[in-house]
Amino acid sequence: MSSPMKLERNAFQPGAKTVEAAVSVAAAAPVRRKTVLRMLLSDVGSCVALSLVVLAILGAVFASWLAPTDPFGNDLANTLKPPGEGSLLGTDGQGRDMITRLLYGLRTTLMMGSASVVFGCTIGGIIGFAAAYYPRLSGLLMRFMDILLSFPAILFGLAIAAIFGPGLPAVIIALSIATVPLMARVVRGSALVVLQQGYIEAARSLGLSDLRIILRYVLPNCLSAIFVFVTLRFGQVILLGAALSFLGLGAQPPTAELGAMAADGRNFLFFAPHVSVLPSLVIFAVVLAFNVLGDSLRDALDPKLRK
Amino acid sequence: MFKLTTLLLAGAAAASFAAVPAVAQQKAPLTILRVIDADNYDPIRTTATAAAEVMYMLADTLVTVDFDMKTIKPGLADSWTISPDGLTYTFKIRKDVKFCDGRPMTIDDVVYSLKRWTDPTNKSPVSFRGGPVKDIRADGDSTLIYELKEPYSDLMFQLALSFASVVDKATVEKLGPNFGVQGFNGTGPYCWSKWTPRQELVLKKNPHYSWGPPIYKDPKPQIDEIVWKVIPESNTLMAAIQAKQADVTYYMPYIALDTMQRIPGMTVQRQENYIYDVFMGFKVDKPVVKDKAIREAANMAVDKEAIAKAIYFGKGRSLPSLLNPAVVDYDKDSAKVMPKHDPKAAAKLLEDAGWKMGADGIREKDGEKASFTVYGIRNSDNPRISEAMQADLRKVGIDMKIQLWDATVAWGKLATQEFDAFLMSYPYVTATEAMNLYFRSQQAPTPNRMNWKNPKTDELLKAASMATDADKRRQALAEVQTQLTEANVWVPLSSQPLWIVATDRVEGARAHGLYGAGLYKGLDLKLKR
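Taken in order, these protein sequences are the chains called A and B. Following the working numbering, the numbering of the first sequence begins with 1 at its first residue and continues without gaps. Following the working numbering, the numbering of the second sequence begins with 1 at its first residue and continues without gaps.
Hints may contain errors.
Claimed, not checked - When the alpha-carbon atoms are kept at most 20 Å apart in a straight line, the in silico DMTMM-like pairs for lysine to aspartate or glutamate are as follows:
| no. | chain 1 | residue 1 | chain 2 | residue 2 |
| --- | --- | --- | --- | --- |
| 1 | B | 98 | B | 108 |
| 2 | B | 528 | B | 504 |
| 3 | B | 98 | B | 225 |
| 4 | B | 401 | B | 364 |
| 5 | B | 344 | A | 75 |
| 6 | B | 290 | B | 352 |
| 7 | B | 315 | A | 75 |
| 8 | B | 356 | B | 368 |
| 9 | A | 81 | B | 258 |
| 10 | B | 123 | B | 66 |
| 11 | B | 286 | B | 381 |
| 12 | B | 286 | B | 272 |
| 13 | B | 472 | B | 507 |
| 14 | B | 395 | A | 75 |
| 15 | B | 369 | B | 285 |
| 16 | B | 348 | B | 296 |
| 17 | B | 401 | B | 296 |
| 18 | A | 81 | B | 399 |
| 19 | B | 395 | A | 146 |
| 20 | B | 220 | B | 368 |
| 21 | B | 309 | A | 75 |
| 22 | B | 244 | B | 507 |
| 23 | B | 332 | B | 471 |
| 24 | B | 401 | A | 299 |
Claimed, not checked - These stretches of chain A come out as covered by chain B in the derived footprint (C-beta under 8 Å, 3 or more residues):
| no. | region |
| --- | --- |
| 25 | 71-78 |
| 26 | 207-220 |
| 27 | 256-268 |
Claimed, not checked - One-sided excerpt, in silico: chain B residues whose CB lies under 8 Å from chain A:
| no. | residue |
| --- | --- |
| 28 | 28 |
| 29 | 232 |
| 30 | 235 |
| 31 | 253 |
| 32 | 255 |
| 33 | 310 |
| 34 | 379 |
In case anyone wonders, no lab produced these hints; they're calculated from the structure. Keep in mind it's a predicted model, so treat the numbers as computed, not measured. Where a beta carbon is used, it is the ideal one built from N, C-alpha and C, also for glycine.
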C-alpha cells in the first residue's frame with residue numbers, strides 16, 4: 001500500500017488538470033528520447049552497431065533496387081566463381097551473383113527475425129502482463145512458460161517442420177514459441193515492480209479498468225526493459241533462424257536466406273569458401289550489431305547506469 | 001587458388017586427425033572411406049547400397065558381372081544351362097569353396113540361401129528379384145536346379161546381385177535376427193571381423209579363398225585387413241584421403257577430383273559403365289502435371305547437359321532418354337523421341353496448349369497455375385539439381401516448388417500422394433529390372449510413384465520379362481522405352497559418375513560399381529607398403 005500522501009502530492013503537480021491526468025504525469029517517468037539517442041551516439045561501439053543495423057535494414061528493404069541481377073536466374077556455366085571474377089563477390093553453386101543473393105538473403109532473414117520477435121513478444125507480453133496483474137493466474141501461466149522454456153528452439157523447429165513441412169512459416173512459428181516464455185518473464189518481472197508504485201494504486205482507486213491501467217500506466221513504464229529485450233532477442237532469433245535454415249528446415253529454394261546460403265556452400269568450403277563465408281559474415285555482423293545495440297540501449301535506458 | 005586450397009586441405013586434415021596417434025606399422029589395414037553405413041548386413045534384409053558394397057566382399061553369388069556391366073561371368077557356378085522354354089536353369093557349382101570358418105560349402109548351402117531369398121514367408125524386400133520360383137533343388141552334390149513357373153529373362157543378372165549371396169545356414173540360425181549385425185559367415189574373399197555401426201566395419205582376409213571370378217587377374221585376396229570407415233562429412237573425407245589417413249574411396253566430392261588428379265601417385269579412375277541414374281518422375285494423375293504439354297515442356301526447358309556438368313563439376317553426363325546407355329537393352333532410338341533442350345519451343349508448346357503467361361511470370365490455364373511440388377531426399381546433389389531445374393522451369397513460366405526431406409522421413413513422404421513429382425536416384429543392372437520396377441501398374445503407389453497404369457506398358461513389360469529370346473526381349477523393351485519417353489513420364493536427368501580415388505599405397509584399384517558397389521569383390525587390390 002502506498003501512502004495517500006503521495007497521491008495527494010502527485011495530484012497537485014503543475015499542469016495536471018484532472019486527477020487522472022495527475023496520475024498520468026506521475027506514471028510517466030519518461031526516459032527522454034533525446035537523452036537516449038544522445039547517449040547512443042556518444043559511444044563509438046553503439047554508433048557502429050546502429051549504422052550497421054540501419055544499413056542492413058536499408059539493404060533488405062531496397063534489395064530489389066540494389067541487387068544487380070535476378071536473384072532466381074541461374075547461370076550454370078558460371079558457377080562458384082571466386083570474388084572479383086565477373087562479379088564483385090563471386091557467384092554461388094547455381095551461378096547466381098552473390099551480392100544479389102546476400103541482399104535478398106538479408107531481407108528474408110530480417111523478415112523472419114522481425115516476424116518471430118513481433119509474434120513472440122506480443123503473445124509473451126500479454127501473458128506477462130496478465131500474470132503480473134492477476135496473481136491468481138500467475139502460477140498457472142508461469143509454470144506453463146517454464147515448460148516451454150525447457151525446450152530448445154531448435155527442437156521446436158524440428159517438431160514443427162516435421163508436422164507442417166519445412167519452410168519459413170515453420171521457422172517463424174518455432175521461434176515465436178521459443179520467444180514467448182522469455183518475453184513473458186521479462187514483462188512480468190518489470191510489471192510487478194511497476195504495480196507496486198503508488199500511481200497504480202491511485203489509478204485503481206479511481207476505478208480505471210484493468211486494461212486501461214495496463215496499457216496506460218504499466219506498459220509505458222516497462223517499455224525500456226521490453227526494448228532492450230527485443231533488441232537482444234532479435235539477434236538471437238536471427239542466429240536460431242539461420243541455424244534452422246542451415247539444417248534445411250527454413251527457407252526453401254529458390255528463396256535466398258543467409259543460413260541456407262551458408263549451408264549450400266559447405267560442400268565446397270575448400271574450393272569456393274566465399275559461398276559459405278560471406279553469408280556467415282553477414283549473419284555475424286547483423287547479430288553482433290543487434291547485441292551491441294541492445295547492450296547500449298540497456299545502458300542508456302537504465303538510470304542507474306547513466307553517467 | 002590451388003595453393004590456398006591445398007593449404008586449407010592440409011590444415012583440415014591435420015586438425016581432423018590430430019587425435020590419431022601415428023602408429024608406425026607394417027602394412028596397416030586398407031581403409032576404404034564411405035559416407036553412410038547400412039542398417040544391417042543380411043543380404044535378404046536390406047536394399048541399401050551401403051550393405052551391397054560390403055556384401056560382395058563378404059559373400060559370393062552364383063554368377064558375376066563383368067566390368068562392362070553387360071556380361072555374365074562365372075561365380076560360385078562355373079557353368080550353367082538354360083532350358084529352351086526358359087523355365088529351368090541348371091548350374092554346376094564349384095566344389096573347392098569354403099566358408100570363412102573353414103567349412104566346405106555344399107550344394108545344400110546354395111539351395112538354402114536361394115530359398116531363403118525367394119521364399120515369401122521370409123518377407124524379404126528383395127525376394128521379387130528371384131522371379132516366379134517354382135522350386136530350387138539340388139541334383140547330386142554339385143548341380144543346382146532353379147525352376148520357374150514362367151520364364152524370367154532377368155534371372156541371371158539378379159543372381160549376380162548381393163541379395164542372392166550364399167550364406168551359412170548354421171550362422172543364420174545361430175544369430176537369428178542378429179545375422180549380419182553381430183556376425184556373418186560367407187564364402188567371400190574377406191571375412192566379417194567387427195562392426196561398430198556408423199563408424200567402421202572391419203574385414204579380415206578369407207585364407208581359403210581362391211575362387212575369385214575371372215574378371216580379376218588374381219583370384220586370391222591380397223590384403224590382410226580391410227576397414228570400411230564411415231565419414232559423413234565430405235570435406236573431412238577429402239582431407240583424410242589427401243593426408244593419406246585413408247586409402248581408397250569412391251565417395252570423393254566431384255569438385256575435388258581435379259585436385260586429387262594433380263597429387264602425384266594418386267589413382268583417380270572412372271567407371272564408364274556405371275549405372276546409377278537420377279530422374280524426376282511425374283504423378284500423371286495429379287492436376288497440372290497430368291497435362292502432357294507441361295511434362296513435355298519440362299523436358300524441353302530443363303538444360304540437362306548444363307545441370308549434369310555443373311552438379312558433377314564437369315564429370316557428369318546427361319541421360320539421352322529414360323535409361324542409361326550403358327545398360328543391357330538400352331534403346332538408342334528412344335533418344336530420338338526425347339524432346340531436345342529448347343526453352344523457346346517449350347514456351348510455344350505451353351502457349352499452344354492454353355497455358356497463358358500470368359502477371360507473376362507463372363503461366364495459368366482455366367484459373368489453374370502452372371505450379372507443381374516436387375519431393376526428394378535431401379542428399380548432397382538433390383538440392384543443387386532441383387534448384388537448377390526450378391530456375392530453368394521458371395524461365396518458361398512453370399513454378400516448381402521444392403520440398404526435400406531428411407533421409408529418415410523421405411521414404412515415408414515419397415510413399416504418399418501429396419506430391420506431383422519426385423526426384424530419385426537408383427542403381428540397376430538391366431532395362432528389364434528398371435522398367436518393371438517403376439512402370440508396372442501393380443507397382444503403384446511405390447515404386448511406381450507416377451501412378452502410371454497403362455495396359456500396353458504392362459503387356460510389353462511382361463513380354464520382356466518372359467522372353468526366352470534376347471531379341472524379342474530387346475524389342476519389347478525398346479517399344480516401352482519409346483512409349484514412355486513420348487509420354488514424358490520422367491525427366492531423365494543424369495547418370496551419377498563413379499570415380500575411384502586411391503592413394504599411392506594402393507595398387508590395382510579399379511572401379512566396378514555393380515548396384516553401387518564401387519570396388520565389387522576387392523580382388524586385385526594390393527598394398528605397396
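These are the hints, each one checked on the structure:
1. B:98 <-> B:108: Roughly 13 Å separates the two Cα atoms, so the pair holds.
2. B:528 <-> B:504: Distance ~8 Å between residue 528 of chain B and residue 504 of chain B Cα, so the pair holds.
3. B:98 <-> B:225: 19 Å, holds
4. B:401 <-> B:364: 16 Å, holds
5. B:344 <-> A:75: 17 Å, holds
6. B:290 <-> B:352: 16 Å, holds
7. B:315 <-> A:75: 18 Å, holds
8. B:356 <-> B:368: 10 Å, holds
9. A:81 <-> B:258: Holds. Residue 81 of chain A to residue 258 of chain B sits at ~16 Å (cutoff 20 Å).
10. B:123 <-> B:66: 30 Å, violated
11. B:286 <-> B:381: 26 Å, violated
12. B:286 <-> B:272: With a Cα-Cα distance of about 37 Å, the restraint between residue 286 of chain B and residue 272 of chain B is violated, given a limit of 20 Å.
13. B:472 <-> B:507: Violated - the C-alpha atoms of residue 507 of chain B and residue 472 of chain B are around 43 Å apart, more than 20 Å.
14. B:395 <-> A:75: The given pair, whose Cα atoms are some 12 Å apart, holds under the 20 Å limit.
15. B:369 <-> B:285: 16 Å, holds
16. B:348 <-> B:296: Holds. Residue 348 of chain B to residue 296 of chain B sits at ~11 Å (cutoff 20 Å).
17. B:401 <-> B:296: At roughly 18 Å apart (the allowed maximum being 20 Å), residue 296 of chain B and residue 401 of chain B satisfy the hint.
18. A:81 <-> B:399: 27 Å, violated
19. B:395 <-> A:146: 50 Å, violated
20. B:220 <-> B:368: 64 Å, violated
21. B:309 <-> A:75: Satisfied, since the Cα-Cα distance of roughly 12 Å is no more than 20 Å.
22. B:244 <-> B:507: Distance of about 14 Å is within 20 Å: holds.
23. B:332 <-> B:471: 15 Å, holds
24. B:401 <-> A:299: 47 Å, violated
25. 71-78: holds (count 5)
26. 207-220: violated (count 0)
27. 256-268: holds (count 4)
28. 28: Because about 26 Å separates residue 28 of chain B from the closest Cβ in chain A, which is outside the 8 Å limit, the hint is violated.
29. 232: Constraint on residue 232 of chain B not satisfied, violated at 12 Å.
30. 235: 5 Å, holds
31. 253: 6 Å, holds
32. 255: 5 Å, holds
33. 310: With a closest approach of 4 Å, the residue 310 of chain B hint holds.
34. 379: This hint is violated: residue 379 of chain B lies away from chain A, its Cβ roughly 11 Å from the closest one there, beyond 8 Å.
This entry does not satisfy hints 10, 11, 12, 13, 18, 19, 20, 24, 26, 28, 29 and 34, going by the numbered hints stated previously.
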